[in-house]
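Could you slot chain B onto chain A? The hints should help.
The listed protein sequences correspond, in order, to chains A and B. The numbering of the first sequence is the numbering used here, which starts it at 1 and goes up by one. The numbering of the second sequence is the numbering used here, which starts it at 1001 and goes up by one.
Hints may be right or wrong, so weigh each one.
Said to hold, decoys possible - Below, a list of computed lysine-lysine pairs in the DSSO-like style, where the Cα atoms sit at most 27 Å apart:
1. B/1025 with A/190
2. A/8 with B/1190
3. A/190 with B/1008
4. B/1008 with B/1339
5. A/9 with A/339
6. A/221 with A/353
7. B/1190 with A/190
8. A/370 with A/221
9. A/353 with A/339
10. B/1008 with A/362
None of these hints come from the bench; they were simulated from the model.
2 protein chains.
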Amino acid sequence: MKSQSLGKKKVVIVGAGFGGLTAAKKLAGDDRLEVTVLDRRNYHLFQPLLYQVATAGLSPAEIAVPIRGILSDNENTEVVLGEVDRIDVKNRTVGSGTREWKYDYLLLACGARHSYFGKDEWEENAPGLKTLEQATEIRRRILTAFELAERETDTNRQKAHQTFVIVGGGPTGVELAGAIAEISRHTFEKDFRHIDPSRTRVILIEAGTRVLAQFDESLSKRAARDLETMGVQIWTSSRVTGVSREGVQLGDESVAASTVLWAAGVLPSPTGNLLGTSLDRTGRVNVGPDLSIEGHPEIFVIGDQSAVTGENGKPLPGLAPVAMQQGRYVAKIIRAEAKTNEKSRLPFYYHDKGQMATIGRKHAVLQYGKIKFGGFFAWMAWLFVHIFYLIGFKNRIFVLWDWAWSYLTFNRGARLITQKEWRENPLSREP
Amino acid sequence: MKSQSLGKKKVVIVGAGFGGLTAAKKLAGDDRLEVTVLDRRNYHLFQPLLYQVATAGLSPAEIAVPIRGILSDNENTEVVLGEVDRIDVKNRTVGSGTREWKYDYLLLACGARHSYFGKDEWEENAPGLKTLEQATEIRRRILTAFELAERETDTNRQKAHQTFVIVGGGPTGVELAGAIAEISRHTFEKDFRHIDPSRTRVILIEAGTRVLAQFDESLSKRAARDLETMGVQIWTSSRVTGVSREGVQLGDESVAASTVLWAAGVLPSPTGNLLGTSLDRTGRVNVGPDLSIEGHPEIFVIGDQSAVTGENGKPLPGLAPVAMQQGRYVAKIIRAEAKTNEKSRLPFYYHDKGQMATIGRKHAVLQYGKIKFGGFFAWMAWLFVHIFYLIGFKNRIFVLWDWAWSYLTFNRGARLITQKEWRENPLSREP
Chain A
1 MKSQSLGKKK VVIVGAGFGG LTAAKKLAGD DRLEVTVLDR RNYHLFQPLL
51 YQVATAGLSP AEIAVPIRGI LSDNENTEVV LGEVDRIDVK NRTVGSGTRE
101 WKYDYLLLAC GARHSYFGKD EWEENAPGLK TLEQATEIRR RILTAFELAE
151 RETDTNRQKA HQTFVIVGGG PTGVELAGAI AEISRHTFEK DFRHIDPSRT
201 RVILIEAGTR VLAQFDESLS KRAARDLETM GVQIWTSSRV TGVSREGVQL
251 GDESVAASTV LWAAGVLPSP TGNLLGTSLD RTGRVNVGPD LSIEGHPEIF
301 VIGDQSAVTG ENGKPLPGLA PVAMQQGRYV AKIIRAEAKT NEKSRLPFYY
351 HDKGQMATIG RKHAVLQYGK IKFGGFFAWM AWLFVHIFYL IGFKNRIFVL
401 WDWAWSYLTF NRGARLITQK EWRENPLSRE P
Chain B
1001 MKSQSLGKKK VVIVGAGFGG LTAAKKLAGD DRLEVTVLDR RNYHLFQPLL
1051 YQVATAGLSP AEIAVPIRGI LSDNENTEVV LGEVDRIDVK NRTVGSGTRE
1101 WKYDYLLLAC GARHSYFGKD EWEENAPGLK TLEQATEIRR RILTAFELAE
1151 RETDTNRQKA HQTFVIVGGG PTGVELAGAI AEISRHTFEK DFRHIDPSRT
1201 RVILIEAGTR VLAQFDESLS KRAARDLETM GVQIWTSSRV TGVSREGVQL
1251 GDESVAASTV LWAAGVLPSP TGNLLGTSLD RTGRVNVGPD LSIEGHPEIF
1301 VIGDQSAVTG ENGKPLPGLA PVAMQQGRYV AKIIRAEAKT NEKSRLPFYY
1351 HDKGQMATIG RKHAVLQYGK IKFGGFFAWM AWLFVHIFYL IGFKNRIFVL
1401 WDWAWSYLTF NRGARLITQK EWRENPLSRE P
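In isolation and in its complexed conformation, chain A is listed as follows:
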């Protein structure tokens, strides 16, 4: 089964997110290349819809696709499940446990995790939303909070169970807040006997002066208004100074909440440190105009893990289109060089695809160059784009059907409390 490798260029791709997977697909079919895709997960995750899993709208399998399945027709490609723990840039090898791979080209595309700004101890009581496990854990906490409120006889504790604090007013925070407000107002309308789910408080905390700061100011206002209509309380210019089991501290103020979710700050994957090259202030790898690191034109770093400056002088945002364009760009360079052996590279240029964020079941904001709008049509556009880019025909149909269903019925199918035994005492979060 092992393929011959005489004279072939070996390409190792680490990470099968938007960037790495796009590169792998573009390298398919070139029999001058031998491609190895390494990932510590066996699936590609469609992160833009992760908040839907966290809020019981979609199932994990609807937004995650086995990498092997996606690349199984690429005969020049092998997929390996493993976490890279060393990179030898001199001898050009990448290692994971007992295994090692030689490379002629290395592409790092490992993405980012959440950053707690040095307060990692907050994570236990304020989980972030970057992985499927975190999404099902957040789902568990949200649903359990309502169950605890229903059982509780003490009014203060009941109120704390019905309080949800979301830290960070970026797209993820806005999406989570909108979805939780919707669940409490609509999905749970008739489900409880002792609590009124519509009295749930959803508080969105943002350190800056407005939500969705990366959007135009008019869209921030629009989003804030839409969120408030849905019952979300927005606290801007508010900085969280403490997170505990009881809730959050904001300087002199404090809010009692059983459920605190973290949607603020990202930290690039630590695999960048293995390269021994320079990183920027936030830990992203500094790369040149061709996305390779200094002194090593054979090593590329793309996506959330690399620091690239856009045309406007600002760093490129951590969006799927950026990573995908970069993956395509690097694949093109590798194919060209494998063919002609020439080394002249045009610099990477990002074609701005705009950005969008959704707010509940019929509002969104959309910005594309000079075009900016919000409301139902932005939501339709958001829906269309997300269905379109979702990998796998079957998933597209499922997600579309799921959305149509919950749009019509306000129902959310995946309301399962799994993985941890349920406890009466909310303080004992660990089993």
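Just chain B now, with coordinates in the frame of chain A:
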């Protein structure tokens, strides 16, 4: 929000499986009754399809429905998430943690777990299949075993990773074995580069002389033949004497296998012990012809948790139709007595609905009274019945579409390795 309760009869149902949920639905709308449904899970699980989750064919949310959602229109019913830890039969109260409920009627329907015949230490290396968590854990192990085989360079270890042992030749064991064989022969056909998935060994171990012993002998033969055609190796009259990380021991013989699954033996829920009444040899609660326990006509025990003898003198099997008929029977008694206060009860009679088991993607066996057949039409009947009884219209559509899809493409969508970090060393199963 609390309902009035003057003169109303209080009914407490423990467990929202097939039996408890059927009873709760039948008690709906009777305003002489106040119903409390207690379950330690927030969802009703369609157990007959659990093996599909374990083998990546379906997602958890497709076979699990929030209990609250199912019963939200029943105004006389409240749903409480909680595990019953005490029953006071004298004072007629049921307790869970700090809460307590009075009852006029109590219905225990807590089902069963797996039994390791006193060898509970086997569970770690041979998980059973009764809960969603176990199903995703089994899925994780099956998928991880193939990944480990692909990475492995030692032939013996590779072979162990490609060996799956299923202990117990009842319907669950047969279904698991068939599905794993199918995955290895079809789904994974093109996915790997270093192993040949079709060389996977699937060994089904049965202590008795035939698989599906509760079926007619001709159907056992049929099932065995179908399984063997699919590549499953059947070892009958074989008793497992040891389970370890390396595989299974069968007296003098031993098989090296990374993945061992347990589908043998059931043990009733321990809540039966809280009644202080007599249990049968296997721990099921002994009940009279009206399914109530001795001396307490107000306490009923149904489903897998109770010991009822059928017309043929044999105990009723642990099947969904039995539990559902019992739930309906008990609900009818309670409604009649709440109305007329009379206490004459007709004995419970089980209308045999037959039984079926499926073997891979187009074979099944079916037995209904004198009717017995196998093959494709049995499989169609199996499919129809399972779709029909699945709760929730949306789930029916999803599951049907999922099956149609994997029937046509041999694909299995939910091939996700989640919940535990992946490890290179298979021995370190715990994170």
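We went through each hint and held it up to the structure:
Proximity of residue 1025 of chain B to residue 190 of chain A is assessed by CA-CA distance (about 16 Å); at most 27 Å being required, the pair is judged to hold. For a cut-off of 27 Å, the pair hint linking residue 8 of chain A to residue 1190 of chain B stands: about 22 Å separates their Cα positions. Annotation: proposed proximity of residue 190 of chain A to residue 1008 of chain B holds, straight-line Cα distance about 22 Å (limit 27 Å). With a CA separation close to 11 Å, the supplied pair residue 1008 of chain B and residue 1339 of chain B stays within the 27 Å bound.
Only pairs whose Cα atoms come within 27 Å are accepted, and residue 9 of chain A paired with residue 339 of chain A is accepted, the gap being roughly 10 Å. Simply put, residue 221 of chain A and residue 353 of chain A have alpha-carbon atoms about 22 Å apart, close enough for the 27 Å limit, and the pair holds. Note on residue 1190 of chain B and residue 190 of chain A: the hinted pairing is violated, with a Cα-Cα distance of about 48 Å set against a maximum of 27 Å. Restraint check for residue 370 of chain A and residue 221 of chain A: satisfied, since their Cα atoms lie roughly 17 Å apart, inside the 27 Å limit.
Proximity of residue 353 of chain A to residue 339 of chain A is assessed by CA-CA distance (about 31 Å); at most 27 Å being required, the pair is judged violated. Our distance criterion of 27 Å between C-alpha atoms is broken by residue 1008 of chain B and residue 362 of chain A, whose separation comes to about 44 Å.
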